[in-house]
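For the protein sequence lines, the chains are A and B, in the order given.
So the mapping is simple: the working numbering equals the position in the first sequence, first residue as 1, plus 13.
So the mapping is simple: the working numbering equals the position in the second sequence, first residue as 1, plus 678.
Just so you know, the hints here were simulated from the structure itself, not pulled from any lab data.
Ideal placement from N, C-alpha and C gives every residue a C-beta, glycine not left out.
Check each hint, because a few of them may be wrong.
Residues from chain A shown here face chain B by an in silico Cβ test under 8 Å; the list is partial [said to hold, decoys possible]: (1) GLY41; (2) ILE71; (3) SER74; (4) THR171; (5) LYS318.
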Amino acid sequence: MTTVIRELGDEQRELVLNMGPHHPSTHGVLRFVLHTDGEVMRKAVPEIGYLHRGLEKIAESTTYPGYVPYTDRVNYLEAMFANEAFSKAIESLSDIEVPERAQYLRAIAGELNRIASHNITIGCITMDLGAITPFVHLLRERETINDLIEALCGQRVTHHYVRIGGVAYDADDNWLKQVEKFLNHFEAIIEELDNLIVYNEILVKRMADVAVITADDAVGFGLVGPNLRASGVDWDLRRDMPYGIYPKLDFDVPIGAGEKGTVGDCFDRFVVRVRELKQSCRIIRQCINNIPDGDIIGNVSRKIKPPKGEVYSCVEGARGELGVYVVSDGTEKPYRVKWRSGSFSAMSIIEHISEGLMIADLVAVIATLDVIAPETDR
Amino acid sequence: MDAMVEQGPEGSFVLGKVDDLLNLARKNSLWYMLFGTACCAIELMQTGGPRSDADRFGMVFRATPRQSDTLILAGTITYKMASRIRLLYEQMAEPKYVIAMGSCANTGGLFQESYAVVNGGDLFLPVDVYIPGCPPRSESLIEGLMLIQQKIEKEPWLKKAWTNTKNPKDPQIEGLL
Chain A
14 MTTVIRELGD EQRELVLNMG PHHPSTHGVL RFVLHTDGEV MRKAVPEIGY
64 LHRGLEKIAE STTYPGYVPY TDRVNYLEAM FANEAFSKAI ESLSDIEVPE
114 RAQYLRAIAG ELNRIASHNI TIGCITMDLG AITPFVHLLR ERETINDLIE
164 ALCGQRVTHH YVRIGGVAYD ADDNWLKQVE KFLNHFEAII EELDNLIVYN
214 EILVKRMADV AVITADDAVG FGLVGPNLRA SGVDWDLRRD MPYGIYPKLD
264 FDVPIGAGEK GTVGDCFDRF VVRVRELKQS CRIIRQCINN IPDGDIIGNV
314 SRKIKPPKGE VYSCVEGARG ELGVYVVSDG TEKPYRVKWR SGSFSAMSII
364 EHISEGLMIA DLVAVIATLD VIAPETDR
Chain B
679 MDAMVEQGPE GSFVLGKVDD LLNLARKNSL WYMLFGTACC AIELMQTGGP
729 RSDADRFGMV FRATPRQSDT LILAGTITYK MASRIRLLYE QMAEPKYVIA
779 MGSCANTGGL FQESYAVVNG GDLFLPVDVY IPGCPPRSES LIEGLMLIQQ
829 KIEKEPWLKK AWTNTKNPKD PQIEGLL
């Protein structure tokens, strides 16, 4: 679509601009049609589907264990959580017990993945607003996490580590020591991050009081995860609908407090993610100290045939609730699989909050809502 | 470069074909487009990052097709996106090269069965280098870019630029784009 000037009647006109699907700050292949009056937007209408790969339809023609690698691609920044959500669904359908060591390993791998994902998000926010250095710093840290996860399961991006009934590979003591070493290093980096960029005057001015989402709106549009918590709603699946090993762990849930402006503005969404890094480090430390010996995968047969029934299972991913709804008809293949992801609802709120924003602020909104294409399009 | 340097009585001088000099310059400023469709985009990002550091080969990412020499098909290509990628490719200035990065861009990969996915970037673009992997490591991508450099080195560019450079491969899925 090309740029057009649309007549609205009464000598009113608006400029219709096209942003995406190829745009350096749209985080993948997102597209927005902007209705603007000069520099100010009347609304930004998102258009999705540029990365629709038919993940839900493919599920109907693969077996249950065969679908786990596909879940990696539901969101390539948080593959562990999608693996875990799907595995958890099948475990609860067919009553598979997960050994405790496997649950600890899931938590460690998951939180490492959360840190890696937030590294990209925080880096992208700062890069979209004009600061490239923090992005490079955080990519450096992400490489170390990639190394650790590669040592654990042999993959850097699409992990396929969490399997139905447990995890794929065991971690040795040396690996756990390396993780601890990384945490010692990374906690210093978080403080460096605070000094380097979080309270940077330009960044604060670009984000404070911009695109405020009230708690009612956030709940109404179904926002989840850090986006919801930034609006002041205290909700974290790890604490409020506990699963796996999380009830035994002690951690805080950072909530948006309107540090530099209003509760629920872009800065809150940014700073909640920075605070979550520290909590993830805390969780991993507790897991390393308490991890028991034992099996890493439960009693799972090669052919998994869950009984007839349906189940919804969700985990707290880096972008909030990542849920999967599975219907089984008693055969080896799922009857229906449906994904519920945080980015999809975050995408839907953009049209609502974009009214009256500057075009440049839209970039801050997309970046802080952490919208990512594969999760919206599946 | 070393092969072109000759020793004279009053110092060294460079003697070579114009093609060689042009290719030397082109080879060492291979700019790629910052464009990723799916998972491979993360590895593409990390290739430009501090560890792999593609900058040391003169490979810098550019955000616009008009300034870039190489289009990296990073990730799954859906039918909806394929027409847009074709548009991006047509906006790039000659000489231009295409890298198919990862299984999806090579053959459709994991998503071959899907109703929405193009089974390979070579169905609508002339691909120069295929990189296997799901996703390929950043080292593989650098190797792919270096293969493009080798290709540039051998190209009789001056001759090619004056003849009519037509697209060697017409899109095979024209009706769907």
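* Asked: Do the numbers back the hint for LYS318 (chain A), that is, is its least Cβ distance to chain B under 8 Å?
  -> violated (22 Å)
* Residue hint THR171 (chain A), partner chain B, criterion CB-CB below 8 Å -> holds (6 Å)
* Interface hint outcome for ILE71 (chain A) [beta carbon to chain B under 8 Å] -> holds (6 Å)
* Given GLY41 (chain A) was flagged as interface, is its beta-carbon under 8 Å from a beta-carbon of chain B? -> Holds: closest Cβ of chain B sits about 7 Å from GLY41 (chain A), inside 8 Å.
* Return the status of the interface hint for SER74 (chain A): holds when the least beta-carbon distance to chain B is below 8 Å, violated otherwise. => holds (7 Å)
Of the numbered hints given earlier, the model fails hint 5 alone.
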